[in-house]
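All chains should be modelled from the sequences, with the hints used to inform the complete structure.
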Amino acid sequence: MYRYDEFDQAFVRERVEQFRDQVDRRLAGQLNEEEFRPLRLRNGLYLQLHAYMLRIAIPYGVLSPRQLRQLAMIGRKWDRGYGHFTTRTNLQYHWIKLVDVPDILSALADVEMHCIQTSGNSFRNVTADPFAGAAVDELEDPRPWCEVIRQWSTVHPEFSWLPRKFKFAITGAAEDRAAVLFHDIGLKIVKGPNGENGFRVFVGGGMGRTPYVGLEIRPFLEKRHLLSYIESILRVYNLYGRRDNLNKARIKILVNQLGIDKFREEVEADWAVSPRRDTIDLPESELHRIQSYFAPPDLFPGPIVDEKVEQRRITCPVFANWLKNNVRPHRVPGYCIAVIALKQPGRTPGDATSEEMELVADLAERYSCNELRVNYTQNLVLPHVARADLATVHDELVRARLAVGNNDLLGDMICCPGLDYCNLANARSIPIAKEIAKRFEDPKRQELIGPLRLNMSGCINACGHHHAGNIGILGVDKKGTELYQISLGGSPKDDAAIGTIIGPGFRAEAVPQAIDTIIETYLANRIDGEDFLATWRRIGPAPFKEALYGAV
Amino acid sequence: MPSVVTANRLTDGIVVYLATDGRWTEDIARARLANTEEETKALEAEAAEAVKARKVVAVYPLEVALHDGAVDPLSVRERIRASHRTTLTKDWYDVPL
Numbered sequence: 001m002y003r004y005d006e007f008d009q010a011f012v013r014e015r016v017e018q019f020r021d022q023v024d025r026r027l028a029g030q031l032n033e034e035e036f037r038p039l040r041l042r043n044g045l046y047l048q049l050h051a052y053m054l055r056i057a058i059p060y061g062v063l064s065p066r067q068l069r070q071l072a073m074i075g076r077k078w079d080r081g082y083g084h085f086t087t088r089t090n091l092q093y094h095w096i097k098l099v100d101v102p103d104i105l106s107a108l109a110d111v112e113m114h115c116i117q118t119s120g121n122s123f124r125n126v127t128a129d130p131f132a133g134a135a136v137d138e139l140e141d142p143r144p145w146c147e148v149i150r151q152w153s154t155v156h157p158e159f160s161w162l163p164r165k166f167k168f169a170i171t172g173a174a175e176d177r178a179a180v181l182f183h184d185i186g187l188k189i190v191k192g193p194n195g196e197n198g199f200r201v202f203v204g205g206g207m208g209r210t211p212y213v214g215l216e217i218r219p220f221l222e223k224r225h226l227l228s229y230i231e232s233i234l235r236v237y238n239l240y241g242r243r244d245n246l247n248k249a250r251i252k253i254l255v256n257q258l259g260i261d262k263f264r265e266e267v268e269a270d271w272a273v274s275p276r277r278d279t280i281d282l283p284e285s286e287l288h289r290i291q292s293y294f295a296p297p298d299l300f301p302g303p304i305v306d307e308k309v310e311q312r313r314i315t316c317p318v319f320a321n322w323l324k325n326n327v328r329p330h331r332v333p334g335y336c337i338a339v340i341a342l343k344q345p346g347r348t349p350g351d352a353t354s355e356e357m358e359l360v361a362d363l364a365e366r367y368s369c370n371e372l373r374v375n376y377t378q379n380l381v382l383p384h385v386a387r388a389d390l391a392t393v394h395d396e397l398v399r400a401r402l403a404v405g406n407n408d409l410l411g412d413m414i415c416c417p418g419l420d421y422c423n424l425a426n427a428r429s430i431p432i433a434k435e436i437a438k439r440f441e442d443p444k445r446q447e448l449i450g451p452l453r454l455n456m457s458g459c460i461n462a463c464g465h466h467h468a469g470n471i472g473i474l475g476v477d478k479k480g481t482e483l484y485q486i487s488l489g490g491s492p493k494d495d496a497a498i499g500t501i502i503g504p505g506f507r508a509e510a511v512p513q514a515i516d517t518i519i520e521t522y523l524a525n526r527i528d529g530e531d532f533l534a535t536w537r538r539i540g541p542a543p544f545k546e547a548l549y550g551a552v
Numbered sequence: 001m002p003s004v005v006t007a008n009r010l011t012d013g014i015v016v017y018l019a020t021d022g023r024w025t026e027d028i029a030r031a032r033l034a035n036t037e038e039e040t041k042a043l044e045a046e047a048a049e050a051v052k053a054r055k056v057v058a059v060y061p062l063e064v065a066l067h068d069g070a071v072d073p074l075s076v077r078e079r080i081r082a083s084h085r086t087t088l089t090k091d092w093y094d095v096p097l
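So the sequence lines, in the order shown, correspond to chains U and W. Here the first sequence is numbered in my numbering, starting from 1 and rising by one per residue. Here the second sequence is numbered in my numbering, starting from 1 and rising by one per residue.
A portion of the hints provided could be inaccurate.
As the list claims (entries may be wrong) - BS3-like cross-link-like pairs, simulated, lysine-lysine; straight-line CA separation at most 27 Å:
| hint | chain 1 | residue 1 | chain 2 | residue 2 |
| --- | --- | --- | --- | --- |
| 1 | U | Lys479 | U | Lys493 |
| 2 | U | Lys97 | U | Lys191 |
| 3 | U | Lys223 | U | Lys191 |
| 4 | U | Lys324 | U | Lys308 |
| 5 | U | Lys262 | U | Lys248 |
| 6 | U | Lys77 | U | Lys167 |
| 7 | U | Lys324 | U | Lys493 |
| 8 | U | Lys438 | U | Lys324 |
| 9 | U | Lys97 | W | Lys55 |
| 10 | U | Lys77 | W | Lys55 |
| 11 | W | Lys41 | U | Lys479 |
| 12 | U | Lys493 | W | Lys52 |
What the hints assert, rightly or not - Distance ranges between label pairs, derived from CB positions:
| hint | chain 1 | residue 1 | chain 2 | residue 2 | range |
| --- | --- | --- | --- | --- | --- |
| 13 | U | Lys262 | W | Leu33 | 54 to 62 Å |
| 14 | U | Pro504 | W | Ala65 | 27 to 35 Å |
| 15 | U | Pro543 | W | Ala58 | 41 to 49 Å |
| 16 | U | Glu33 | W | Asp68 | 35 to 43 Å |
| 17 | W | Glu26 | U | Ala551 | 50 to 58 Å |
| 18 | U | Ile260 | W | Glu38 | 35 to 43 Å |
| 19 | U | Arg538 | W | Glu26 | 31 to 39 Å |
| 20 | W | Arg79 | U | Glu33 | 20 to 28 Å |
Hints in this document: simulated from the structure, not taken from any laboratory. We put the beta carbon where it would ideally sit given N, CA and C, even for glycine.
Below, the structure is given as structure tokens:
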């Protein structure tokens, strides 16, 4: 992974001391809240329902065991012994005291971490394929490019006051595991006309109040021009993006109001005359320097079948279930990618206690070449596990109650913190997720249902990606009562789609039964081999509406 | 309907209410009730002073109901705030969602 150089280290330390001074001045009355608020937001500090919330950037979801241990320590010392992994692959602490924040930032800096640009109208954390550098379907590792963009965009003077926040996602694999088409800019590494790798560039995707699937602005961009081209996109957005209406300020609104063709024309015109085109694009030497930090670990190919694993698969259904759903193939024979689902029934999706973080850090050290990932579906990933170690890893996870084998099944719900924590939320989401998890707790039933993405948000800002869920749930406030709108048919993958609201909302206590009815309707209508999305696309909303609301 | 004034404490963000003795309390039962618009404005004015004095931030009034003398914050959001906890622990499962 990327390691800070002296400049990076000095810069982050300087920011910690700046913020320490800002907190001191706030407490001494030299700054009022209006003056302080933008400063704290620039450092990822929000005021939430019960306390301050601190959001820590986990660049492109990559963590070292040392960093995860430090996060565990911070949770134990300054929070309530746990943290919440988010759909932006960040970590949030929800019970933070303002007076402790400078010390927390200092502890983060000790392990090359920070909270810079995790809030405010700035470039947010770049997200990536969580299987980067390990996936069998990968054309090129996206992480060096994420790092290039991170370095370029951090405190970029021209783009420090964008109309609104800005989110990037990159994948270098055939399968989109990063919801790339739901980002302000989404990049897919693809083969060009001469067989060389480059970027397919999408722009204007997003969730929130007005969801859009990203549109292709360029089918192929030479890699060497990445920075100048995205700078031109940003410049056009910075120039024309609306600042008069918060709800219309994201680039997706501009792209869709202008139309992708006109937007492209503006970007290409800017790029053609960009005075910085030759100077901003990254020199090969610098790219190679960054790439060197992401060199693959030394893995020696081994047998793709391990007798011990096969024996255990037969004798232990829990292990077999975990193997089937949470273990994915690795590019090196004899190795696997293991997903640690933070989705045990009865627990808050995405939450991890300090003890669990420490255990996962230990596992990464012992069995995954010191590498760890966070994915946007709020799980952790061990990217390089030898097949022969899978049973041992599973045993450790069972002891820690982290061995649930529901990755990408119904139980693997995405869920925002909702009204239990969040100041913006209109309704609770976590208790609904738990009730649904309870109803579908039986792993055999989840297996029978097959792959299913169920996403839930407690407000229209859509941190829980409800628009992209095969089943999406949105909590709203209707005259003081929490009500839940259900949408069907969304997809975060290459066939990205926004879900369709199926009908009137449900009261909280009726949501699990409504989901059950939807699932039973799918099962009754599916043709062999179809997943939920395929059945939905074939039969449309009518059978679901009838099942939920009666004949119309 | 009576009102109380709530805020978050500056230093730690904890939910507090303006109390009968002029202090800020974490216990909504000890919050001072305003029964008229004028009384609410007086509470808000006092709270504005506390903001200037850097005791609290994010001040606002909220309507409450009284049940047998106990203060009920009415909305789910305000009940969660007043409880200083999430609704996620087991004993809260029985509360209608």
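So, going through the hints one by one against the coordinates:
| no. | hint | in the structure |
| --- | --- | --- |
| 1 | U:Lys479 to U:Lys493 | violated, 36 Å |
| 2 | U:Lys97 to U:Lys191 | violated, 49 Å |
| 3 | U:Lys223 to U:Lys191 | holds, 11 Å |
| 4 | U:Lys324 to U:Lys308 | holds, 16 Å |
| 5 | U:Lys262 to U:Lys248 | holds, 18 Å |
| 6 | U:Lys77 to U:Lys167 | violated, 31 Å |
| 7 | U:Lys324 to U:Lys493 | holds, 20 Å |
| 8 | U:Lys438 to U:Lys324 | holds, 22 Å |
| 9 | U:Lys97 to W:Lys55 | holds, 14 Å |
| 10 | U:Lys77 to W:Lys55 | holds, 24 Å |
| 11 | W:Lys41 to U:Lys479 | holds, 25 Å |
| 12 | U:Lys493 to W:Lys52 | violated, 50 Å |
| 13 | U:Lys262 to W:Leu33: 54 to 62 Å | holds, 58 Å |
| 14 | U:Pro504 to W:Ala65: 27 to 35 Å | holds, 28 Å |
| 15 | U:Pro543 to W:Ala58: 41 to 49 Å | holds, 47 Å |
| 16 | U:Glu33 to W:Asp68: 35 to 43 Å | holds, 37 Å |
| 17 | W:Glu26 to U:Ala551: 50 to 58 Å | holds, 53 Å |
| 18 | U:Ile260 to W:Glu38: 35 to 43 Å | violated, 57 Å |
| 19 | U:Arg538 to W:Glu26: 31 to 39 Å | violated, 55 Å |
| 20 | W:Arg79 to U:Glu33: 20 to 28 Å | holds, 26 Å |
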